[in-house]
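Listed below, chain by chain, are the residues.
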Amino acid sequence: MHCNNFRRSPLSRREMLTECATGFGMFALSALLTDPAYGATPAGSDSLNPLAPKPSHFPGKAKSVIFLYMDGGPSQVDTFDPKLRLIKEHGQPIKMKVPPTQFDNVGTVLKSPWEFKNYGKSGIPVSGLFPNVATCVDDMAIIRSMTSDFSEHTNANYFLHSGIGIQGRPSMGAWATYGLGSECQNLPGFIVLNSGLIPPGGMDCFTSGFLPASYQGSFFRNGASPVADLQPSAADAKRQQDQFALMRKLDRSVVGRMGESDKLEASIANYELAYKMQTAVPDLMDFRNETEVTKKMYGLDNPVTQIYGQQCLVARRLVERGVRFIELLCPSVGTDRWDQHGDLKSGHEKNSVAVDKPISGLLKDLKSRGLLDSTLVVWGGEFGRTPMAQGSDGRDHNPFGFTVWMAGGGVKGGTIFGATDDYGYYAEENKVDIHDMHATMLHLMGMDHKKLTYRFSGRDMRLTDVSGNVIKEIIA
Amino acid sequence: MAIIGSQRPIRPLVEGAVVLSGLMALLALGPDPVSGQNKTTPSRPAPKKSVVASPLPVRAPSLSGSPGSVEFFEKRVRPILVANCYQCHAKVNEMAQGGMQLDSREALLLGGKRGAALIPGDTAKSLLLHAISYQDSALKMPPKGKLSPEEIAALTKWIKDGAVWPAGNANRPATAAAFDLQTRKHHWAWQPLQTARVPTVKNRAWVRNPIDNFILAKLEERHLKPSPSADRRTLIRRLTFDLIGLPPTPQEIDAFLTDTSPNAYEKVVDRLLASPHYGERWARHWLDLARFAETDGHEFDFEKPNAWMYRDYVIRALNEDLPYNQFVTEQVAGDLLPRPRISPAGSVNESLLATSFFWFGEGKHSPVDLQVDEAERIDNQIDVFSKTFLGLSVGCARRHNHKFDAISTKDYYALSGYLKSSRYHLAQIETPERFRPAVEDLKASRAQIQPLLVQTTTAAQQKGLESFEAGLLALTTVPQTRQVALPDPRLAAASVRALPPLNKYLREVAAKDPANPLYPWFRLGIEQAAEKPETFRTRANVIAADLKAKIAEAQKAAAGAVVFEDFHTGDYRNWDLSGEAFGTAPERIGLQTVLTEASSRITGVMGPGVANSGTLSPRLQGELRSHTFAIPKSRVLFHMAGNGVTVNLVIDGFHRIQYPIYGGLTIAVNNPKPTWYTMDVSKWVGRNAYIEVLDHGDGSVAVDRILFSDNAVPASIPDPLIVQMLESPAITSIEGLTHAYRTLLATTLQTWQDDRLASTPPGADRIALLDWMLRTDNLVVTASALTPTPEMAALLKKRQGVERALPDVHRVMAIADGSPEDDHVHIRGNYKTPGDLVPRRFFEALNGPKQPVPKEGSGRLELAQRLTAPSNPLLPRVMVNRLWQHHFGDGIVKTPDDFGVMGERPTHPELLDWLAKEFIRQGWSIKAMHRMMVTSATYRMASRSDAKSDEGDPQNRLLHKANIRRLEAECIRDAALAVSGRLDSKLYGPSVMPYLTEFMAGRGKPSKGGPLDGDGRRSIYIGVRRNFLTPLFLAFDYPVPFTSIGRRSVSNVPAQALALMNNPLFQQQAEVWAKKTLAVPNLTPTQRIETLYIEAYGRPVSTSESADALAFLAEQDKAYGKPGDPRSWTDLCHVLFNVKEFIFLD
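Here the protein sequences come in this chain order: A and B. To convert, take the position in the first sequence, counting from 1, and add 57; that gives our numbering. To convert, take the position in the second sequence, counting from 1, and add 3; that gives our numbering.
Honestly, the hints are just simulated from the structure, not real lab data. Honestly, I wouldn't trust all of these hints.
Restraint ranges, calculated between C-beta atoms of paired labels, are given here [stated by the list, open to error]: (1) Gly666(B) with Ala292(A): 50 to 58 Å; (2) Phe407(B) with Lys507(A): 14 to 22 Å; (3) Pro112(A) with Lys989(B): 29 to 37 Å; (4) Asn526(A) with Lys989(B): 29 to 37 Å; (5) Val361(A) with Leu1113(B): 42 to 50 Å.
Now the stretches of chain B that chain A is said to cover, found in silico as 3 or more residues with beta-carbon under 8 Å [said to hold, decoys possible]: (6) 415 to 427; (7) 1098 to 1108.
All figures in this text were calculated on a predicted structure; none of them were measured in a lab. Ideal placement from N, C-alpha and C gives every residue a C-beta, glycine not left out.
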């Protein structure tokens, strides 16, 4: 099943292993592993490490990706796609054929409760839901013509994440890490920052599917101890070091008994990353060196924005460490996710307030540190919402036309791409589907989505299945 | 009675397609007057040959053909087609979408499945223009976005001008590249099993059985030497993990090491194959194929009822060495076997249980489109069916003929028909035989009790009528009558007791409902009391006329309804019946009874024609399922009485009926009175559905009638008998009327006693009146009148004993035959564009194009027969390959679920076929195959080899040595429990809830997780909850159950190391293990370390290892501050879990 891309001469690893096991002991190993030269081991020499960086198909600007997943489907007509017609026909029956909706409770046309203003040099309109993000529009390309194939959360989530609307297919983060490896050798290459809301469809949105498990999304919780089984079970560090040292000695005799086997040695090597994570993760979470200004920029000083702000800050810190793909999940805001079947005004407001300031903080912080050019930030949900009301004050699911935006990583800022119809219901001009979005993201990372394949079940599988076109117009 | 036809309705075509099929008919009338080209389609009679021999250039009446218009085409039209259409609709694209090619004029005229792409000169009727106009939500082209107005104008003009196509370009064949089954069948996997000659080898001494000849022959060909045999310790560890998934115990190792008999090894093999743990180990491999899970996943992760029973079925089947062909047959058609296999205890229908296999897929609770949901469900079933049994990846044939394999779209939809004709059945797993004696006893008891009951009830009622009459007279407001003295003091006393309730009833119930039998009495006796006979008569006539009008009105309203079922035929001819509750036929008159020792009474009567599940005992369970019908009207109305019973409407096979969308399709029957229930099905008119009545508990139901209607439930109709009575001129006073009531009711009781209830003519139906009497009997009959006689009490007691002894019912997900149905090809996998109807059959590449169609039912049994027939080489090949893979690390075919062109080819094809034939020869015995494989010299090789052989066979594909393998997730956990002594070897039973960590979150999270150590049970018994899979297992590549996984990936992630280092389970088990070790008295630390090593790795500790461990203990003791600290031992045990030997087999 394995494509053997990563299997090369095992010699260097074995030598290193032997040396560690016989000579230096734990501290020498740690020292060796924190040596920057080790992390920068060029592809080709690191036989056993699936996360070793690999060359891209062509030079790509985005080294890392941050996907800001907006759980539940934010409304396009209330955020980045203003529609005059909704104001004009507010309260009237919608004058177009309406496909079956999820809840089948079609109300009248509902104008946006928020006002739109134009921002930046580009003058792009953004609603009152995102006053902070709005200040970054000149760095953003707004795709107003997204479409999905599913009008129901779970399938739409699988589709958004893996390009196929069913359970168990590799998530885009897994594909990216499979394709490029990671620049970071003491953390996983694909990390999901859980702010509280697990999307419908569950952990399978972040699975490595049929790809090797090294690429599965590692889940980091919100808070000080984000990883499972990270806390050493040993009584103290010395106890663990002793255990580790004994393990290594006994392992050596196993290798002596069973013979030199890649499998055995890969498993031994595995402990190195795990061991490193025990310190790398606490280090990641140690914000002591972040200034108050920075923390404030992310909204850490405000309980409403604190959770997502912290995750955005962690995301930047992961980018700095060279982690390939980071996905952020939404925080729970005391009402439903962005899934306002009713009470649109208060529900959307609660959801937007929790993320608006942190996202703008992230974009500005990345930019000021010169990281935005090499970091692709993508914002979006699994679908949008209907322009007419569900009941009287909600909006139902709408996979036919919604908005996703991208920033940084080679994206042409201040751009609007595609358009929906007058109501904002159907994408009409320059339709973009999920495969196109994936193809574009991979392209920005320097990968040809048609060449990024993995043989499974008799087929060369792709993130983009059999479709996908790169949206050249939004690339700088 | 009108029964709605069971034929599948013609699915509505999308608008565009309707237009086009009409167009095609037009076009088929003759050659195109413009081009003179023949544009027939295969399904229509060929039009006359055109007289124009040369197709070129196109001559149109107008300006077409002129150089200008060709130029127009080249400059304006072709670029649009190339840029927007050819990615999908060109000949070079092997599977032109929708069969539609747009790259030649002929192709445009021939069109695709929806008909011609254009009509030259006719812009209104050209599909192409229709599609690009974006008016039709089902057909918008190009899908990426609407063309610009200029582009649309150009194409419109081009078609208007006759659709000119330049010379030299119109002559290409218009049909899509043919799918050539014959060529594709040449692929090795479709070939019949070859009789392979066992090869001769030079080193005959090495050979233990024919497997070795095949392996060694290849090695010798390459001048490679097989590895020497592994030592006994390695072998017993390898064998034990391989066959039962656990480490060998020190005693088992000792026994093997000291056994000097020549068959010592074989004895170990036989012991392990006979161990019940063998089934647990190998069932888990099978569960990977069956995508076994105990919840639906998706948003709320709903429970799959008793899914664990299938897991136990597989364990039992493997332990019993059920022949594989039977194992397969049971899973595909266990419900249809004439003689199902019953468990030795006689309690479980194993064959039926096996069919749970179909239902472990993911399930949605509220899909927007049920037909899409059905297609997805069947797709998963076909996918798992064909991968598991045949190693074929059939899924892509859903949308187009397989790109590489000999599998056509028709093959796919031929299989789909079997599943469309089958249903989800939450089936009782106990055999009917287990209920038979009790049912016979209950029948006998009923025969004795019922006449007595009718007798007591009618007697009590008749008696009560006297005081009823007196009571009414006492309550009337007619002054004269009120003074009439009651004839009998006893009656006076009784009626006085009855007066308040009767009064209340008259004023609060009867007064408000004209259909109530006492309504006229209330009007005439209380509201409009009249003393004069004339006044009385006038008022009575007005009321009678009013009631008659109401009857007429109700009849008119009911006229639009269609009776789906009223059970008048006296049999269940339109229903599938299961369980015991509903008897074998509907009853003419259905009685509702309460039968306890303290009270026995009849509480209601329904009929004529009732499906009654409470006839013998409410404890009996059963189901009725209707045939499949197309929903004809916007409502389904049910008239029924009962409680604790569910009635469902299953549309397009969707059985997970839940809010928010589908909650209205289920009814919880919970009213002992006959009640009308309504299902609003206006959204699904025309769709296929069936009704199921499920008595799955201690309740019962009496179903009287099922109607389809566009109106609300029928209003309750005044009883014509009452109206008739009211109209009688002889009745001129309230006393007269009161007495007439008594007479009417008395006659009604008499009719019942005489058993003439069901034979009364229409309009004189006394059932409703009787039912009313029985339900309101507290007005006339006192409870003491119904106290059972001693004779009755004895009968009731006896009956209760029988009831109590009835076996408990367990239900499992099973499959059942529904209405037979073939499926259409869904063009591009879309049900909205149905293509040809495909009769149900097995793969054409295996059984040819002509296969007998199923005679009745779904035909799954015939499918199973074809699947297991000797003519199918795939079934045995795929299975022996799976067994081989689990014993040797890789399969002979390395892609166990894909034997197709894209899979890997066998390394030893002759061996594969030899094994497959041997498998059949040995009666499909899986254990015989294990025995053969593991007793071979090949299996016994060591994992270490010499450099020369490693160089000659670097990936060990020729098996010059044993493969080193990492243990599966379950084995790692089970081994930790086994060595620590915590393992509970209990077999079978409901799953243990997985241990929930703080990382497991989301909807559907169980309210309570299981214990950290899973109660010490083996991992196969840990619940498989789709959205809450055990993280520890997932870290070690436990498969996500979405499809058949014949080969798990073997990954290396830090989560594995973190788990073994820090997961509380291993910490806990290290402590348990250390405690066990220290509990043995009088051992030196060195001796204890020796034991730990034997337990963990099955081998003695080496001197240096022992020294290292001792040094470690000393170091830890120092830190803990005292020598021999148990914590030091815990730390050591924890390290031993982390040493790679614990999770690797050599």
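Quick rundown of the hints versus the structure:
For the hinted restraint 50 to 58 Å between Gly666(B) and Ala292(A), the CB-CB distance of approximately 55 Å keeps it satisfied. For the hinted restraint 14 to 22 Å between Phe407(B) and Lys507(A), the CB-CB distance of approximately 19 Å keeps it satisfied. The hinted window of 29 to 37 Å between Pro112(A) and Lys989(B) is violated, with their beta carbons roughly 54 Å apart. Taking 29 to 37 Å as the suggested C-beta distance range, the pair Asn526(A) and Lys989(B) does not conform, at roughly 57 Å.
In this structure the hint that Val361(A) and Leu1113(B) lie 42 to 50 Å apart at CB is violated, the actual value being about 58 Å. With 0 residues carrying a beta carbon less than 8 Å from a beta carbon of chain A, the region 415 to 427 of chain B misses the three-residue requirement, and the given coverage is violated. Chain A is given as covering the region 1098 to 1108 of chain B, and this holds because 3 residues of the stretch bring a CB closer than 8 Å to a CB of that chain, at least three being needed.
Violation of the numbered hints given earlier is confined to hints 3, 4, 5 and 6; the remaining hints are satisfied by the structure.
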